[in-house]
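Residue numbers (this note's numbering), protein chains in the order written: chain A, 1 to 288; chain B, 1 to 266; chain C, 1 to 354; chain D, 1 to 355.
Just so you know, these hints were derived from the structure itself, not from any lab. Do not take every clue at face value.
Said to hold, decoys possible - DSSO-like mimics (lysine-lysine), calculated; alpha carbons at most 30 Å apart, straight line:
hint, chain 1, residue 1, chain 2, residue 2
1, D, Lys128, C, Lys16
2, C, Lys319, C, Lys342
3, C, Lys309, D, Lys216
4, D, Lys293, C, Lys176
5, D, Lys128, C, Lys176
6, A, Lys206, B, Lys97
7, A, Lys8, D, Lys64
8, D, Lys231, C, Lys328
9, B, Lys178, D, Lys100
To be verified - Have a look at the derived ranges for each label pair, beta carbon to beta carbon:
hint, chain 1, residue 1, chain 2, residue 2, range
10, B, Trp6, D, Gln14, 53 to 61 Å
11, D, Lys334, A, Pro180, 46 to 54 Å
12, A, Ile5, C, Pro331, 52 to 60 Å
13, C, Asp329, D, Asp340, 14 to 22 Å
14, A, Gln55, C, Asn135, 27 to 35 Å
15, A, Lys3, B, Ile181, 14 to 22 Å
16, C, Gly318, D, Gly124, 18 to 26 Å
17, D, Asn7, A, Pro180, 45 to 53 Å
18, A, Pro180, C, Glu31, 24 to 32 Å
19, D, Ser251, A, Ile5, 50 to 58 Å
Stated by the list, open to error - Not the full set, but computed from the structure, chain D residues with beta-carbon under 10 Å of chain B:
hint, residue
20, Thr70
21, Gln72
22, Lys73
23, Tyr86
24, Phe89
25, Pro98
26, Ile101
27, Ala142
28, Tyr344
Ideal placement from N, C-alpha and C gives every residue a C-beta, glycine not left out.
Each chain, letter by letter, is given below.
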Amino acid sequence: MNKTINQKAWLFVIPVFVLVAFNAVVPLMTVVNYAFQETFANNVFTWEGTRWFKQILRSERFHAALGRQFLFTGVILAIQIPLGIAIALTMPKKGIGVPVCLVLMSMPLLIPWNVVGAMWNIFALPEIGFLGHTLNDIGFDYNFTQQPGDAWFTTVLMDVWHWTSLVVLLSYAGLRSIQPAYYQAAEIDGASRWAVFRYIELPKMKKVLTIAILLRFMDSFMIYTEPFVLTGGGPGNATAFLSIDLVKMALGQFDLGPAAAMSLIYFFIVLLVCWVFYNLMMRNETQS
Amino acid sequence: MKKFKWLVPTIYILFLMLPIYWLLNMSFKTTTEIINTYSLWPQKFTFENYITIFTDSTWYTGYLNSIYYVVMNTVLSVAAALPAAYAFSRYKFLGDKHLFFWLLTNRMAPPAVFALPFFQFYSSINLFDTHVAVALSHCLFNIPLAVWILEGFISAVPKELDETAYVDGYSFWRFFIKIFIPTIVAGIGVTMFFCFMFSWVELLLAKTLTAVAAKPIAATMTRTASTSGYELGLLAAAGSLTIIPGAIVIYFVRNYIAKGFALGRV
Amino acid sequence: MSKITLNDLSHSYLDKQNSDVDWALRNINIEWQDGGAYALLGPSGCGKTTLLNIISGLLTPTKGKVFFDGKDITSQTPVERNIAQIFQFPVIYDTMTVYENLAFPLKNRGMTDGEINSRVKEIAKMLELTKTLNNRASGLTADGKQKISLGRGLARSNVNVIMFDEPLTVIDPHLKWVLRSKLKELHQKINRTMIYVTHDQTEALTFADQVVVMHEGQVVQTGTPVELFEKPKHTFVGHFIGSPGMNIIPCKLDNGNAAIDGVKVSVSSQIKKSNFSKTEIGIRPEFVSFSEEGIPVKVLKVSNTGRHKIIDTECKSGKIKVLSLTSKDVPSGSAFLSFDKKYTYAYGDSWIIE
Amino acid sequence: MSLELKNVEKKVGQDTHIHRTDLSFQKNSINILLGSTLAGKTTLMQIMAGLDKPTNGEIWFDNKNVTGMTVQKRNVSMVYQQFINYPNFTVLDNIASPLKITGMNSDEIKKKVGEVSELLKLSGMLNKKPHELSGGQQQRTALARALVKDSGLILLDEPLANLDFKLREELREELPRLFENRECIVVYATTEPSDALLIGGNTATLMQGKIIQYGKTIDVYNKPSNLISAKVFSDPPINVSEIKKTGDTFSLLNDSVKWKSSNVKIKDGKYKVGIRPHNITTYREGSNSVEIKGKVLISELSGSESLIHFRNFNSNWVSLSNGTHQMNVGQEAKLYMNVDEFMYFDQSNKLVNHV
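Please model the complete structure; the sequences and the hints are all you need to start from.
Set out below in structure tokens:
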């Protein structure tokens with residue numbers, strides 16, 4: 001659509017700008033403030049330069065948390081994206097099945113995140129939880145509060161449970177927007193089911209999948225509440241992802257300087273990954 | 001193969017329902033039963049947990065608080081985002097692309113990063129422990145989202161509709177309210193759904209910014225559960241109740257969800 | 001390549017049909033010869049696309065059968081039927097190059113790379129796509145894309161029929177003409193059966209040797225463009241084909257004679273029956289002329305279209321259009337019209353009386 | 001009442017969308033803007049309506065300069081190619097909306113809406129929503145809304161382009177009648193020469209943001225001021241060929257066709273000749289016809305007419321004859337050109353005869 005040039009449009013944007021800036025600018029400046037200074041008492045600051053940044057970037061604790069974070073995000077993306085697409089492909093296209101699927105599948109998305117954590121805690125506990133009990137019954141030595149591997153398994157499973165539906169919904173909407181003529185043409189051309197997916201469905205879903213991957217990347221990278229309630233980051237630091245580690249540092253140990261520096265690095269990583277990914281997807285777009 | 005296609009979504013839905021069922025199952029048991037006997041359904045069916053919640057004001061005000069700030073945030077986000085999304089969709093103006101990107105970056109900011117500064121900031125402007133504080137803070141991620149979704153819906157409406165209205169003599173605002181908003185009502189529905197959802201499920205900021213007066217239900221729940229030595233039955237009942245508003249909202253907007261994505265940014 | 005026979009086809013999108021309106025198609029019987037150029041012509045909603053999809057196998061008819069060369073293929077899939085179809089808007093595989101697009105149906109049928117290569121090159125040459133073969137298909141203009149979808153149909157040498165579903169809808173007006181001629185040229189070159197669905201009479205009549213005119217789910221007439229023009233069997237055909245369409249004027253039938261406003265009108269065929277609830281005379285504007293006597297009319301308006309004059313006149317029973325050469329003079333005010341008997345027909349309840 | 005564009009120019013960034021244009025439309029006239037897609041028709045209409053401002057120049061309406069005036073104050077109507085109606089209003093409310101804005105009393109609104117819906121055959125569907133109507137009815141609703149108020153300027157931007165062939169014909173025939181007995185200027189944009197001819201009035205031919213010619217429709221058709229205007233106003237496309245005149249002798253295409261004529265009063269020399277397809281026929285027409293031969297490329301028969309594409313001396317020709325004349329592809333065709341209807345253009349593409 002050809003847009004008209006109109007500088008007055010800024011008036012329309014001002015409320016949004018003010019509301020977001022109100023929340024973004026002052027707190028962000030606070031973080032920046034802390035990141036470059038040391039504070040002992042109220043409003044007494046000394047300039048520290050990039051000391052906290054260097055400290056964080058060199059700290060093994062940060063490296064470990066960052067590593068866990070990337071591993072976690074990688075694992076859940078590797079599971080949720082293909083799984084979400086697969087479920088969307090098999091969902092009914094018309095009839096009563098559509099609203100039923102949509103309503104039931106959206107349920108996990110609307111549960112407060114700490115309830116999700118609590119629910120999975122109850123669900124997975126070896127003594128009282130269905131999952132834990134069943135796994136032990138069939139011979140697995142499963143206890144997510146004690147064994148790091150089990151904790152990981154449970155956290156990943158919980159995230160799959162919680163968020164795969166978002167990928168399903170997006171993929172489903174993308175699939176539905178494909179004109180029937182494409183399927184008909186493919187049928188006439190004698191394309192196999194795989195070819196239909198590869199050459200029609202996947203290319204047409206590209207935009208929604210970009211959105212899905214971005215959203216899932218952002219949210220899983222920022223995950224805090226659910227694993228905090230489920231495992232508290234434990235056992236040990238096994239499931240202490242970036243946010244959990246950050247809050248521990250900031251509130252638990254009150255190391256405000258390093259925590260603030262870490263916050264900025266953290267934010268920067270999210271931005272960078274999103275930006276790179278988005279541009280990669282869009283560059284392909286303009287080429288085609 | 002086509003014959004068994006329905007199996008995939010069915011199994012997936014079963015998987016989704018299991019933990020929810022378990023939570024419900026627990027909510028109808030007493031804490032003693034939960035700890036002592038493992039059973040797939042309540043042996044001694046009880047409403048005791050629910051009764052506790054509905055008779056104790058610290059419990060049910062939690063619900064009211066949550067609903068209060070969620071609705072406030074949803075209305076605020078959509079109201080502010082509408083004209084902005086219109087501007088992004090229809091006009092070119094200085095810095096439009098940068099502004100749009102900057103808005104989206106706020107969706108990328110980890111709440112954990114902002115928790116402490118938010119606490120200090122809202123305390124300093126005397127809004128700590130108010131519904132307004134939570135509603136405002138949730139604008140950080142909901143407004144970018146709302147602008148993003150609405151912009152897609154608005155771009156799907158031909159600009160000739162706007163022009164026709166001006167030609168007919170409508171002033172901008174009259175057109176916007178009487179014609180444009182009803183035209184994109186489905187998009188507004190979808191946007192409200194998402195704003196509601198993200199505000200309802202968020203806890204980190206909501207908990208940080210409240211103490212007593214505006215404390216959300218989800219926070220009430222964790223607190224009680226941890227201090228009184230894991231009253232599991234009560235916890236399960238409270239958790240079950242937090243699912244209800246979401247379920248109601250989904251039921252009402254079920255037809256818009258898929259349509260919304262299809263019409264919107266896709 | 002084969003003969004196509006449609007035997008008593010009916011189709012409904014509903015599970016239960018209570019009345020005629022529940023049927024998208026009713027009792028279609030058509031026979032199409034091998035190698036012909038055919039058109040399905042009708043207004044939107046007349047069922048032409050439904051019929052097309054039944055022939056291609058994308059839809060299974062509620063009733064009736066489809067035969068290719070006498071063989072019942074009603075339950076076969078589009079692949080088994082070996083047909084090609086070009087849709088209203090260009091369907092291309094976005095991620096593939098033009099070459100890969102054209103090669104796709106061949107690859108799916110397990111042809112060797114050598115065969116594919118020579119075939120694709122040949123088709124590309126025919127469609128003037130050779131230069132763009134290595135470009136991404138999604139970068140082409142609408143007419144280029146439509147050529148690709150056409151090319152995918154042509155690539156397979158053994159297709160039974162190539163079908164077009166309003167293929168020029170999204171093409172720029174000034175390119176429509178070029179692509180239309182290209183299609184005609186292709187048909188004359190490769191002599192494959194082609195079926196063309198459209199609401200545009202110009203496209204249908206210029207493309208096809210035989211045109212099937214459809215109205216409300218039924219075939220009202222099948223014939224060559226000349227037959228449809230010169231002798232419409234139904235007033236709908238008269239009205240729908242020709243621009244402007246046929247004049248349809250209420251008349252009285254009496255003892256085998258027709259009269260408009262009391263003036264006797266000679267018609268080309270004998271009128272044997274007269275028990276109709278509605279009787280009309282149909283005459284194309286091309287065959288009406290001003291004369292010394294005949295039906296008295298008032299001249300309402302004259303428009304000059306460069307090539308012709310279109311004159312709107314009015315008699316007591318209704319309006320009559322006259323088409324005449326620009327060089328001829330047109331009387332003003334009152335005048336008389338005479339009809340060319342050879343092309344004047346009487347219609348009873350909308351169907352021709354013969 | 002008149003609409004005048006004085007030296008109007010529209011630039012967007014570096015691109016010029018409308019080149020300097022002077023145009024004046026008179027009271028009670030129908031004016032057609034004829035040109036292919038992207039010729040600048042829509043931009044021009046937007047400027048006329050006040051939806052867009054010209055970069056330079058002025059717009060005068062009723063002898064008043066209205067250049068900066070907003071569209072709401074201008075009393076114009078507009079109908080688009082897409083069927084634009086207010087989706088949440090019924091047909092009745094859609095049609096009534098421009099009147100309600102002015103605060104007209106409801107009895108009068110009712111009366112006016114009744115009249116205009118009668119005129120456009122919408123009376124039976126006033127309580128339906130636009131999406132329940134067929135395409136033709138949706139466009140009728142849009143037209144009704146444009147007609148219900150007494151606007152001085154009615155702009156129609158390819159209003160028939162998205163309709164079925166027959167509906168297009170039907171509505172096109174009704175259009176001129178709709179504007180009878182009305183004090184207004186109508187501007188109608190189209191890509192189809194036949195629209196222009198059937199609607200009549202005046203026509204402006206456009207090409208790449210320039211007005212090529214403006215005048216009475218039939219005059220523009222019969223006497224295109226230059227070759228571009230002739231090309232824009234010809235469907236099927238006009239045949240163009242080089243021609244040489246020496247004395248009374250004209251010769252076409254490397255002397256392949258020659259004839260003598262004393263009717264054409266132009267200097268000796270080289271020209272381009274524009275021959276409309278219907279001036280090449282399978283039969284002799286007019287008092288001076290000259291034979292041309294060619295190999296048939298395609299023949300298209302439409303029942304009433306025959307289009308024959310043929311090739312003669314490395315160029316493709318199109319002929320259009322009345323009646324049915326079957327010719328086989330590849331066959332040698334003998335056709336006749338009505339040389340009295342030829343249009344001669346000099347080397348700068350200007351029409352030199354007929355003037």
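* What are the numbers of the hints that this structure violates, sorted from low to high? -> 5, 14 and 28
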